[in-house]
Each structure stands twice: as structure tokens, then as C-alpha cells.
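Enquirer: Residues per chain are reported as follows:
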Amino acid sequence: MNAALDGVRGSGNLTEDKVKKVTREIRLALLEADVNYAVVKEFVGNVRERATGAEVSKALSPGQQVVKIVNEELAKLMGGTSHKLTFASRPPTVVMLAGLNGHGKTTAAGKLALFVRKLGKNPYLVACDTYRPAAIDQLQQIGLELGVPVYAAGTEPSPEEIAERGIKAAADGGYDFVIVDTAGRQVVDLEMMEEIKRVRGAARPHSVLLVLDVVTGQTAVEVAQAFQEYADFDGMILTKLDGDARGGAALSVVSVTGRPIRFASEGEKMSEFDYFYPDRMAGRILGMGDVLTLIEKAEQQLDREEAEADAKRMMSGKFTFEDFLKQMQMLKRMGPLSGLLGMIPGLNKQLQGTQIDDRMLGRVEAMVTSMTPQEQRNPKLLQNASRVRRVARGAGTTQQEVQKLVKQFNEMQKMMRQIGKGGVPKMPRMPF
Amino acid sequence: MATQTEVVEGTARSEDGVSAAEEVLVGRSEPVTYEDVVEEVAPGEVEEALQEPGAVEEAHDIEEAVEAPGAGGWFGRLRSGLRRSRESVVGQLNAAVAEFRDVEDEEFWETVEEILIASDVGVTTTSKLVRELEQEALERNITSGKELRALLVEHAARMLEGPVELDVSHRPTVILMVGVNGTGKTTTIGKLVNFLPGSAMLAAGDTFRAAAIEQLQRWGERTGAPVVSRERGADAAAVAHDAVEMAKRDGVDVLLVDTAGRLHTKVNLMAELDKVRRVIGRRLPGAPHEVLLTIDATTGQNGLRQAKMFNEFAGVTGVILTKLDGTAKGGIALAIANEIEVPIKLVSVGEKAEDLHPFDAREFTEALFGDL
Numbered sequence: 001m002n003a004a005l006d007g008v009r010g011s012g013n014l015t016e017d018k019v020k021k022v023t024r025e026i027r028l029a030l031l032e033a034d035v036n037y038a039v040v041k042e043f044v045g046n047v048r049e050r051a052t053g054a055e056v057s058k059a060l061s062p063g064q065q066v067v068k069i070v071n072e073e074l075a076k077l078m079g080g081t082s083h084k085l086t087f088a089s090r091p092p093t094v095v096m097l098a099g100l101n102g103h104g105k106t107t108a109a110g111k112l113a114l115f116v117r118k119l120g121k122n123p124y125l126v127a128c129d130t131y132r133p134a135a136i137d138q139l140q141q142i143g144l145e146l147g148v149p150v151y152a153a154g155t156e157p158s159p160e161e162i163a164e165r166g167i168k169a170a171a172d173g174g175y176d177f178v179i180v181d182t183a184g185r186q187v188v189d190l191e192m193m194e195e196i197k198r199v200r201g202a203a204r205p206h207s208v209l210l211v212l213d214v215v216t217g218q219t220a221v222e223v224a225q226a227f228q229e230y231a232d233f234d235g236m237i238l239t240k241l242d243g244d245a246r247g248g249a250a251l252s253v254v255s256v257t258g259r260p261i262r263f264a265s266e267g268e269k270m271s272e273f274d275y276f277y278p279d280r281m282a283g284r285i286l287g288m289g290d291v292l293t294l295i296e297k298a299e300q301q302l303d304r305e306e307a308e309a310d311a312k313r314m315m316s317g318k319f320t321f322e323d324f325l326k327q328m329q330m331l332k333r334m335g336p337l338s339g340l341l342g343m344i345p346g347l348n349k350q351l352q353g354t355q356i357d358d359r360m361l362g363r364v365e366a367m368v369t370s371m372t373p374q375e376q377r378n379p380k381l382l383q384n385a386s387r388v389r390r391v392a393r394g395a396g397t398t399q400q401e402v403q404k405l406v407k408q409f410n411e412m413q414k415m416m417r418q419i420g421k422g423g424v425p426k427m428p429r430m431p432f
Numbered sequence: 001m002a003t004q005t006e007v008v009e010g011t012a013r014s015e016d017g018v019s020a021a022e023e024v025l026v027g028r029s030e031p032v033t034y035e036d037v038v039e040e041v042a043p044g045e046v047e048e049a050l051q052e053p054g055a056v057e058e059a060h061d062i063e064e065a066v067e068a069p070g071a072g073g074w075f076g077r078l079r080s081g082l083r084r085s086r087e088s089v090v091g092q093l094n095a096a097v098a099e100f101r102d103v104e105d106e107e108f109w110e111t112v113e114e115i116l117i118a119s120d121v122g123v124t125t126t127s128k129l130v131r132e133l134e135q136e137a138l139e140r141n142i143t144s145g146k147e148l149r150a151l152l153v154e155h156a157a158r159m160l161e162g163p164v165e166l167d168v169s170h171r172p173t174v175i176l177m178v179g180v181n182g183t184g185k186t187t188t189i190g191k192l193v194n195f196l197p198g199s200a201m202l203a204a205g206d207t208f209r210a211a212a213i214e215q216l217q218r219w220g221e222r223t224g225a226p227v228v229s230r231e232r233g234a235d236a237a238a239v240a241h242d243a244v245e246m247a248k249r250d251g252v253d254v255l256l257v258d259t260a261g262r263l264h265t266k267v268n269l270m271a272e273l274d275k276v277r278r279v280i281g282r283r284l285p286g287a288p289h290e291v292l293l294t295i296d297a298t299t300g301q302n303g304l305r306q307a308k309m310f311n312e313f314a315g316v317t318g319v320i321l322t323k324l325d326g327t328a329k330g331g332i333a334l335a336i337a338n339e340i341e342v343p344i345k346l347v348s349v350g351e352k353a354e355d356l357h358p359f360d361a362r363e364f365t366e367a368l369f370g371d372l
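Protein chains in written order, with my numbering: chain A, 1 to 432; chain B, 1 to 372.
So that you can see chain A by itself, here it is in the shape it has in the complex (with noise of 0.2 Å):
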């Protein structure tokens, strides 16, 4: 992989035979990861055609550009819509889980009543798996720990009795979060799937999860898209999170049902369930944590020594308008001036009484944009009248504002030259 990603730093645009190499390592990581071919075919294809001709950054060798690019496109992908859970208007909401057997169902339903506990809902629990030896009593026996009540009916009525019975309980006994355990099924079993399409028809849930162990492979899909033909599951939960599968299969199964991941449950412990952040879990898909770590460094690293030159700059007085530009575009980033000056210790007294409106901000920059590139870079070429009459009808504003600003930008330039020679200099009043 590093072979793949050294090269010349920032050199201009991404070429297409640079982004292919690197494509062609992303494609065996991915399916490394058990990210269904097909799904990586697709993405690939279109992460090449973003990716070439694309500028690379300063900080980043071509290769790290497009494993950069990959990265971010794989979070967009798993971030889907909004993944908080949302309530029913009229309680109680009601919440099905379906999914193939051993993906952990049950552990989920236990983990999901303690998570919406903690949100200050009262949960109650429905054993619907009556097929599995022991399913009920394990249900019983989480629901024991948590104190959570479980309705259970033994394995004689039917999951959808079961279900409808279990939700109406929940409702008279004023439990407003219904969590609908089912049993693990196999998507061919197409008298199981039929099943879980009519505990659904039941139990009209406001939600339905499908259950998936991060370790599924290249079936996820068929999966994915069995279930959500049969049961039409709105989102997922992630488990065993807490051991070293890579978990390609989440890409899977949001890039071809479109349904996003909505929790990850990790561990023995009832407690260790959660939302689910898609940017966690694109690295982990990509496996390049090192190659992830370096590009970021690489970023903050370029961040920093553009922000130490030009800091030098100014303090040997070089400092040009050019610099300025780029010092007031990145302030203006940075939300309103008058908030941002009055969080610097100490300038805070002494701009008492100032008036600093951002819309003056405006005008200044206009005016400097209105310089040539030469004027930008040599401050003193603007002691010509009419270069000056030039700025002021380029920025819509008077000779006499342009002539202030380079009065005071010259005394700015002269107080930086003496901060960089370690004095203290009087405060000059600022252009703005």
C-alpha cells in the first residue's frame, strides 16, 4: 500500500494513472474487508472519477490525496439521514428486531431497552423467537438483570399473537418503548421470511432493525435485500463491534438498501450500545488507520508551518497586503471579528468603547482586491494618485478611505517589524 501511495507531494491535479494505482489498492483492501464486489466495483468506479483530475493538496502525495478522498466518501455513504432514534407520538413506540440467526437479536433487544431507558423511556420487552431451544428464557433472564418486563407466551401461539399481545400488555400497563424480539431466520427459508413479514403486519412497529454481526461477509447483501423485501427494515444495528472484523459488510448493506446503520453494540456488557458514527467506521472498513493518522498529521503539519511563516513574515515587516487578504479571509472564517477579538485576553479592555462592525471588514477587502497583484505585494506603489483613484473606483468607495487604509496598514507594517524585534509597541489604531 505505501509503495502505492509515495510519489512527489502536492504536485498539481490528480492524473488518471496515478488514481487507478491507487484505486486498485483501495479495491483489494475493501474486499479485504468483506465489502461486497459489486458494492466495490461501483464505488470504486466512482471515487475514480472524483478523484482524477482532482487538486492535491500541499501537505499530501498524490496517493494519500486519494485514500483521503476514499475516506470521506465512505463516511458520506454510511452517514446517510439522521440516526437518532425518534419517538411515537401516541406511545407506545414500537420497535422490531429481525435478522439471521446468532447476530445477536436478543443481546441487542436487552442493550436497546437500556440505551432508551437512559433517554428516560420506560421499555418492555416481547419474546417472539419460538423456535430457537431456551430464546424466551434468555429474554427473561436479560430482562431479570435490567429490570425491564418481558412478555412472554411460551412457543404454542404464534410470533404474531405473541407480538400483537405483547405490544397491547406494554400499552395497558403504560410502557411507552416496545422492543419486539424475533427469531434468527435464514433468508431462504422462505416460510421463516413470510413469517417475519406477518409479525410485522402484527405488530405495526414504527421501526424495524435489522440485527448484522460486523464479521458478515459477501452475502450481506442477498441478506440485506432479503429482509428488507420481507420485513422492510428502516435501519440497522451493528454488533460485535468489539472484535477485529473490519465490517465491510455495514457498507454492503447501506449502499444497496439505502437504509442507514443506526446503533453499534460492542461487548458482553448491556451497556456497551450506542449510536452508531459513520466516520469510525469508514477507517475501520479501510483499514489504513496509519495511512488516516499521517494524512491528518500531514494537514495540521502544512497548517501550522504556513501559519509560522506567515508569522514571520510579518514580524520582519515583509508583510504586504497580500498577507493581509489572506489573515482577514481566514478571520472571516472564524466567525464575527467582534466576537472572536473580544476572546483575546487582555485586547478585550483596551477595545472597550470600539466599535468593530464586520461589514467594514467588507470594504477593506474590497478595496485590497481591487489592488493589482504588484500593489498587493509593494504597499509603497500605492503613494501614486492614481493607482489610487484606480482602487477606489474598483471598490466602490472614495480616494480618501483607500489613502487611510494604506496610512494605517503602513503603521501596522512598522508595529509587526518592531513585535519581531521584541518591542512593545503603542496599539495603532486598526483599518477597521
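Be a bit skeptical, because a hint or two may be false.
Below, in silico cross-link-like pairs of lysine-lysine (DSS-like), each with a Cα-Cα straight-line distance of 27 Å or less [what the hints assert, rightly or not]:
| # | chain 1 | residue 1 | chain 2 | residue 2 |
| --- | --- | --- | --- | --- |
| 1 | B | K128 | A | K21 |
| 2 | A | K297 | A | K76 |
| 3 | B | K128 | A | K41 |
| 4 | A | K269 | B | K308 |
| 5 | B | K266 | A | K269 |
| 6 | A | K197 | B | K352 |
| 7 | B | K128 | A | K20 |
FYI, nobody ran anything at the bench for these hints, they're computed from the structure.
Please build the complex by placing chain B on the supplied structure of chain A, with the hints as guidance.
Expert: Then chain B, alone, in the frame of chain A:
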């Protein structure tokens, strides 16, 4: 609830096995008692309350049960199970085989690669297979797609071939079941009782997961095998210790020891497995005679990690590929056989007690690539 991570240290204590049991309970919080657990509601009452137009779904026509014509037994079932998902893959392979021109046909090789990867074989093993195949095709100057397909099956089958017999020559023979959570250890034990000759005894070594003991007890009731258990939270090694002693005393043929599912990344849980193993060996030298790892056939490349780590900690003698009746193609078995060199011994293809079969490398491979 406390984690499962309490590992009782000190071999002196676990030598007698029994006293270790209480210690594990320390650190687990007392379960909250909650009385109002089950509320029965009269069926009529609910129906009235919930009946609403459109609420009850029309019973859907169940598609014709998938059944491979003329193919009986587990292989037929397996094949029928695989059929749905296989169709597209087989279609591709069919097309590729039909259009195959010569060994230099890159598109053909790419299709073969895709098929293998789509079956969870993984990149490494896929590359190895394709490389071997390509070379042999060149050497033998193979020109027909059909021949090439046969060669592909042959290569894959050869990779998978290994001893499938279980060593049940001891009295008692002790078989330890291990695997990550949800891969089907307890269910497989139930099936093994029917599968193995002679009398069986079960040990409820999953003392952690809620109702795991009850689940094994149900299997005991179904199969008539006695179940040795302790309370939930007891030391699994202590249960194993008891069970070995009882199996010796009662003269049973096979003792099947269940263990809690554990992720292979949890070092202390893996160490606990090692301890169970040691306790068994101390009570009965040479035991456990088999350590069987269950791998869910839907597992992707992480199956390799599972096999590697369980093999390191528990000395796996064979893999049982479970839930092969799903869409899963179980290609991870190829990767495990190739990279970890632990033989696949059994496959579990259904829900019924008799759905356990010795692994047949050739049949498995044929099912993987379809009947072209």
C-alpha cells in the same frame, strides 16, 4: 452486568476444579429481581383492541419451496439453498466458460476471481488459486472452458481436502466445542449427539450467556443425553471437571463440552478456554480428543482470524461450518484450509437434529461453482 472477563488464576485452585466456581461470581452484580415478568392477556381482548383495517396482512403466496430436483440428502439441500444466490454467479461463470478463448483471456480470469471473492474465499486464497490454475492451464495447454472448470473444482477441492473423521476411539471421548458468539456451538452439540455413535453426555460450559444452560438442557431432553451443569456464572472449568468425572464414572462414550461464545480478540476469555482445556486434560490424560471450532458460513474474512486465534489458544482439531443452508457460500472454508491448515470436518446445513454431515471437499466445491 459485569463482564465475562474474570479468569480464575492459579492452577492449584483449579486442580480440584470445584472450588473455583464461586470465585467467578465475584464481581458480577446481583441481578435485579423483577416480579412482574409475564403478563398473560386473553387473546380475544387483544384482537379486538388491535384490529384495524389493513393491519392484518394478506397471507402471501409462498413461493414454491426451493428443492433441487432429484437431488436428495444434505448435498441436495445445500445445493438448493445455494441456488438462489448462486444463480447470478453461475450465470457469469457459464458465460465466461462459454466465451473462453485461451489462457491469455484476461476477462475470463477476472470473472473467476470475482466468483471466488463473491463466495468469501478472500483475496489471498483467490489469487493463489487463480495463479495455480493459470499455470496448469498453460502447461497442459487447456483450451476448453469445460476442462478449465473441472480443473478449478479440482484445485479448490484439493485445497479443502483433509481428514474429516472425528477421533472417537476413547472412553470417554471428550469433544470441546469452541467459537465466537452466535456461530452455533450449542445447536451443533445437539446435532452431534445424533451424529456420533454410542452414548453421549453434555456439559453446560456456557455459564455466561443468559439461558445458554437451559438451551443445552432442551437439547438434552430432545436427544436423551444427560446434561451436567452448574448455576449460571459458575466457572466453566469446574463444569468441565465435573462432567469428565461423571462421564468416566458412568462409562459414557462421548462427552460434549459446550463453552461460552467469545470473540477471539478477548485475550482473557481465550485464556479461560485454555484453562478449561487444561482441566479436562488433567482429569483425563490425552483429552480433549477433539477441539471443534464452529464457523458461521456467512462469515467473511474475519473467519481467518477466528480460526487462527482459536487454534493458537485451544488447539483446534477441526472446523464445523455452520448455517450452510443460507445464502452463504462458505468460501471462507477455502481460505481457512489454505492459510490456517485446520481441516474442515463437518458441515451443518439445517435446523433439524440430523442436519450434520461429514465435510466432502468435492461436493462442497461442486456446490460452490454450480452444476455446469
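Enquirer: Next, verify each hint and record whether it holds.
Expert: Taking the hints in turn, this is what the structure says about them:
Among the hinted pairs, B:K128 with A:K21 is consistent with the structure: their alpha-carbon atoms are about 22 Å apart, no more than 27 Å. Taken as a hint, the A:K297 and A:K76 pair is honoured in the structure, with Cα atoms around 21 Å apart against an allowance of 27 Å. Note on B:K128 and A:K41: the hinted pairing holds, with a Cα-Cα distance of about 21 Å set against a maximum of 27 Å. A C-alpha spacing of about 25 Å is found between A:K269 and B:K308, which places the hinted pair at or below 27 Å, so the restraint holds.
Between B:K266 and A:K269 the alpha-carbon distance is near 13 Å, which keeps this suggested pair within the 27 Å criterion. Restraint check: the Cα-Cα separation between A:K197 and B:K352 comes to about 23 Å, which is no more than 27 Å; the hinted pair holds. Note on B:K128 and A:K20: the hinted pairing holds, with a Cα-Cα distance of about 23 Å set against a maximum of 27 Å.
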